[in-house]
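**Student:** Full structure from sequences and hints, please.
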Amino acid sequence: MITFTPRDKVSKNWTIIAPILSIFLTIFFGLLIFTFLGYNPLETLYQIFLSPFSRIDRISDIFVKACPLIIVGIGLMLCFRANVWNIGAEGQFIMGTLLAGSFALLFPNVETKFFIFIMIIIGFIGGALWAFIPAILKTKLNVNEILVSLMLVYVAMLFIDFMVRGPLRDPMSFGFPLSKPYSQGALINKIPFPGIGYLGQLHYGILFIILLIPISWLFVNKTLSGFKINVLGAAPKAAQFAGFKQNTITITVLLISGGLAGVAGVIEVSANIGQLQPEVSFGYGFTAIIVAFLGRLSPIGILFAGIMIATVKLGADNAQISMGIPKVVTGLFEGILLFFLLTGETIQKYKIKWVGV
Amino acid sequence: MIKFCMRFFSLMALSSSVLFFLITNTFAGNPTKVGFVYLHTKEDFGWTMAHEMGRQMVEKHFGKDVKVTEVNNVPEGPDSTRVIRELAKQGNEIIFTTSFGYMEPTHKVAKEFPNVKFEHITGYKRSKNVATGNIRFYEGRYIQGVVAGLMTKTNKIGYIASFPISEVVMGINAFALGLRSVNKDASISVIWVNTWKDSVKEADAAKVHIAEGSDVLTQHTDTPAMLQIAEKSGVLGFGQATDMVAFAPNAQLFSSINNWGPYYIKKIEQLRSGKWNTGDGPKHWAGNEWGGLKSGMLTISKFQNMPNDVAQKAQKVHDEIKSGKFKIFAGPLIDNKGKEIIPAGKSLDDGALWGMNYYLMGVNGNVPG
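So the protein sequences, as listed, match chains A and B. With my numbering, letter number 20 in the first sequence gets 20, and the count goes up by one each step, no holes. With my numbering, letter number 151 in the second sequence gets 151, and the count goes up by one each step, no holes.
Possibly wrong hints are sitting among the right ones.
No farther apart than 27 Å at their CA atoms in a straight line, the calculated lysine-lysine pairs in the BS3-like style are these [stated by the list, open to error]:
(1) Lys190(A) - Lys111(B)
(2) Lys322(B) - Lys190(A)
(3) Lys67(B) - Lys33(B)
(4) Lys128(B) - Lys190(A)
(5) Lys60(B) - Lys327(A)
(6) Lys232(B) - Lys180(A)
(7) Lys89(B) - Lys190(A)
(8) Lys327(A) - Lys128(B)
(9) Lys327(A) - Lys108(B)
(10) Lys339(B) - Lys294(B)
(11) Lys294(B) - Lys327(A)
(12) Lys327(A) - Lys33(B)
(13) Lys60(B) - Lys180(A)
(14) Lys125(B) - Lys180(A)
(15) Lys232(B) - Lys153(B)
(16) Lys113(A) - Lys266(B)
Please keep in mind that the hints were generated in silico from the structure rather than gathered at the bench. Because the structure is a prediction, the values reported are computed rather than measured.
**Tutor:** Below you can see the structure in the form of structure tokens.
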């Protein structure tokens, strides 16, 4: 059996060396795989890592792609810091979007942009309500929140599917499962740059990240609530002796992370889709779990992790467009990258020993 | 004077070289750049593979005159907007977006690139530079119904359907009309799997149908999973989108094949000769180019695993639909509640087909939603 024992002291040097080493190992294996499959390995690496930075509109598309990942990731950070395992951000994302979207569809003629703020609040409430189910089951009945939150993802997926096929379906959509388009007030516009016009899909929703990252940094590092969350995660017994109410903290972090997932959904759909459809999330809620851990559960880290994952995803598309590399191959490479990065993280923090049974 | 002559000649040389460059660039080389966006991978042996085969026909037909770029596995959301825009930015002159869900993304990008032509497959919205194309899949399904009616012993047909949209419902109804034209005792039960492509769900649905006594299966989904189950369980079935005979040599009766190649070639030729247009099809139905057996956009594979007389009957029905002699949705049509949809002597027009939200006689249950 393999056992993991936490290291007494995490070496400062290793926290820097490990990620660099991971990236080198990834590149090495990437070169091997791409060469083996008959693609020009250097060009492939260029397409995956660098081509997304090769044009200004491509760079802005990185931020568009990273936006929902970062918002959801920040919410999950709070949960994971408190040792609360919310795996269902995908479902909270969907329910937030659905609640805010249904509200938007009630007002088909709204023009004022103030409306989007109401939608964001409703999206937060929708996501938070969906996360409240595992929260209350965990605190009252000690039901495992991993299972409940994960299962509720599938409930949410089928529920939005039902809604856009039934009550919310646009009668003009020839039977296709789509809602009516949102009104002007419910849309998030692209940012116009004087003299350039639009940069890819870059939209005002990005401003939310700029607000969220410093606020969440202050929250976890400078407030008592943030401190309580950290203590509960690091030393539950100590938190108990200190008189921190564990249940309150559990419920709070789940509500905030569910709410943020809902907000991410509202921003994503209002900026990029403009109506409700059966699929609104494309796995952001699950990918954000990786983003949170890659970012070492810190807001700045999550910002960079989100950008990195988005870059690789965009790079994979570029590699496909310009070199015809199938997504399964770039997906494999993405897997190798995540494997090495997360292994590096684990080895830094834990001693791994083989213990005979 | 010498100086002047030198200047004159150098100017001549320069301008002629510029001219030469322009001419060579216009008439030689400079292939038409064509982009394709696929929902799944071309190895799905269904919907996307049918498009891939069309793309290969394009390459074969035009050779060096076109340069094709295809992008696989593009989800129907913001990612598709970015991919389509990237294709337009890289100078593709015509872009085929081959799934319904690319409709809004295609129109978004089309507005930004008014000089690029877009072809949205199976959509219903058009604009100045967005045309739509679709196939009359239901024509193949009518022939399937005829064959199923003659082959079934249990008189139970299992239908695996994706989403309750008009395109799928009209397929079920066409199948029912074919079925009832030869066998009044047979009926269809439908399982909705709510996905286009999920081989596990498709296989599970096939197993349920077989357990309930169906001995002929058909599908409106993308993978050969249903036929594989049919092959294993010793029942019969039909392939969809591509010829799936390799997956079920003893179970496949025939496959309805989506043949996009001629359509793609036609539209690219129109673009190259400056005659590309969005057609003037009526507004109420999806696709200003809606071709079936007649135009060759729909073909069927070899009839097999059936007696000769059944194959002959099927061939006859096929020929009659193809020649336009036989109208599938001709009255009297009665829905499965007994209500008359249209009396004898009249037939449903294309607009009515796209509004279908009921089952005809011979189908069990109700259309969901």
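**Student:** Looking back at the hints listed earlier, which ones does the structure fail to meet?
**Tutor:** 2, 6, 8, 10, 11, 13, 16
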